[in-house]
Amino acid sequence: FVQSQCSKPCKPGFRKAKVEGAPSCCYTCVLCADGEMSNVTDAQSCTKCSKYEKSNSGRTSCIPRDINYLSYDEHLGSTLSSISVTFSISCAVILGIFIKYRETPIVRANNRYLSCLLLISLTLCFLCTLLFIGRPTQICCLLRQVTFGIVFTISVSSVLAKTLTVIIAFNATKPGSKLKKYVGTQLAIVLVIVCCLGEIVISIVWLVSNPPFPEADTLSDPDYIILLCNEGSDFFFFCIIGYIGTLALLSFIAAFLAKDFPNRYNEAKNITFSMLGFCSVWGAFVPAYLSSKGSRMVAVEIFAILSSSAGLLGCIFIPKCYIIFLRPELNTKANRII
Numbered sequence: 001f002v003q004s005q006c007s008k009p010c011k012p013g014f015r016k017a018k019v020e021g022a023p024s025c026c027y028t029c030v031l032c033a034d035g036e037m038s039n040v041t042d043a044q045s046c047t048k049c050s051k052y053e054k055s056n057s058g059r060t061s062c063i064p065r066d067i068n069y070l071s072y073d074e075h076l077g078s079t080l081s082s083i084s085v086t087f088s089i090s091c092a093v094i095l096g097i098f099i100k101y102r103e104t105p106i107v108r109a110n111n112r113y114l115s116c117l118l119l120i121s122l123t124l125c126f127l128c129t130l131l132f133i134g135r136p137t138q139i140c141c142l143l144r145q146v147t148f149g150i151v152f153t154i155s156v157s158s159v160l161a162k163t164l165t166v167i168i169a170f171n172a173t174k175p176g177s178k179l180k181k182y183v184g185t186q187l188a189i190v191l192v193i194v195c196c197l198g199e200i201v202i203s204i205v206w207l208v209s210n211p212p213f214p215e216a217d218t219l220s221d222p223d224y225i226i227l228l229c230n231e232g233s234d235f236f237f238f239c240i241i242g243y244i245g246t247l248a249l250l251s252f253i254a255a256f257l258a259k260d261f262p263n264r265y266n267e268a269k270n271i272t273f274s275m276l277g278f279c280s281v282w283g284a285f286v287p288a289y290l291s292s293k294g295s296r297m298v299a300v301e302i303f304a305i306l307s308s309s310a311g312l313l314g315c316i317f318i319p320k321c322y323i324i325f326l327r328p329e330l331n332t333k334a335n336r337i338i
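Numbers 1 to 338, taken from the UniProt record's numbering, label the letters of the sequence shown in order.
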């Protein structure tokens with residue numbers, strides 16, 4: 001073999017590259033690019049690794065890329081799942097309290113049936129985040145956004161119905177008002193059902209036309225294969241978010257208009273704060289979600305679900321529990337909200 005006198009042999013992990021203006025036997029050694037390898041001396045070119053592999057640190061071989069998804073085993077996944085379960089248990093406990101004290105004025109105020117429905121839906125809101133954690137599967141990808149959309153719609157439409165109940169009940173007390181026939185449970189339940197039907201229709205069309213599916217993203221990060229749920233259609237995903245946001249905005253406007261009603265109608269103030277927090281969280285969610293990748297994208301949505309649900313729980317129900325246990329003297333007909 002003729003050996004070059006102006007260049008040393010290129011080790012594995014490098015390739016030969018011609019030096020401009022130098023004799024043909026002279027070359028320089030160039031490190032293989034990330035995702036490429038060479039395992040022989042004086043390699044003329046580097047071999048590209050498959051899309052499921054990456055090159056090792058020495059660029060001498062291809063090794064399997066690590067799998068990345070939001071797992072229960074990692075700190076973030078375990079923390080979010082623990083928070084989810086804790087809040088769902090809290091909802092169940094408060095629901096038990098409301099059932100036990102169902103005949104007291106503070107529970108009967110502003111439609112106790114809607115309050116129980118809201119607590120049940122909030123419990124499901126907290127639990128539905130568990131569908132976002134763990135290795136993505138076909139069934140989880142199909143269920144998680146649809147489940148989130150429907151149970152959140154039940155929650156927000158229940159809040160809207162509670163707010164309209166306050167407004168109708170206040171105006172029904174005026175002389176000659178024709179709104180007295182609308183005071184009660186039926187109108188509120190019908191409103192919740194109608195609002196939910198809109199979300200259900202969007203979800204069905206989404207699942208039929210462009211259903212979500214599990215996908216392995218090999219392009220976003222050279223070191224990892226990111227397992228995620230491809231939403232199938234970003235349009236339908238943001239339709240679900242937008243539908244819930246519209247209901248939340250209507251609830252906020254209605255509650256804001258009712259916040260200065262007499263004290264016995266003061267739940268509207270709590271609803272105003274809860275909806276303000278709700279709209280703020282989901283307003284910040286969109287840019288944060290679009291700028292995130294991989295497991296962080298999933299974590300952003302889980303955080304939005306947990307924080308907005310916790311806001312509803314804290315603003316609407318904690319004050320009532322406070323009165324039940326710490327200020328029972330206020331739990332009388334004289335202080336009844338409705």
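No lab work stands behind these hints: they were computed from the structure.
Among the clues, some could well be false.
[Claimed, not checked] No farther apart than 25 Å at their CA atoms in a straight line, the calculated lysine-lysine pairs in the PhoX-like style are these: (1) K51 to K18; (2) K48 to K16; (3) K18 to K8; (4) K269 to K259; (5) K100 to K48; (6) K51 to K293.
[What the hints assert, rightly or not] FRET-style restraints, in silico, Cβ to Cβ: (7) T137 to E329: 49 to 55 Å; (8) P211 to L330: 36 to 42 Å; (9) E329 to P211: 23 to 29 Å.
Cβ coordinates follow ideal geometry from the N, Cα and C atoms, glycine included.
CB-CB spacing for L330 and P211 relative to the 36 to 42 Å hint: Since the Cβ atoms of P211 and L330 sit about 51 Å apart, the hinted range of 36 to 42 Å is violated.
Proposed proximity, K48 with K100 (alpha carbon, max 25 Å): violated (67 Å)
Satisfaction of hint between K16 and K48, Cα-Cα up to 25 Å: Answer holds: K48 to K16 is near 16 Å, not above 25 Å.
Verdict for E329, P211 (Cβ pair) under range 23 to 29 Å: Violated, at about 55 Å.
Restraint check for K51 with K18, where alpha carbons must lie at most 25 Å apart: violated (29 Å)
Distance restraint between K18 and K8, which requires alpha-carbon spacing of 25 Å or less: Holds, because 13 Å separates the two Cα atoms, which is no more than 25 Å.
25 Å Cα cutoff - pair K51, K293: holds (18 Å)
Given hint K259 paired with K269 - CA-CA distance at most 25 Å: This hinted pair holds, its Cα atoms lying about 5 Å apart.
Satisfaction of the hinted span 49 to 55 Å by the C-beta atoms belonging to T137 and E329: holds (53 Å)
The structure does not agree with the numbered hints 1, 5, 8, 9 stated previously, though it agrees with the rest.
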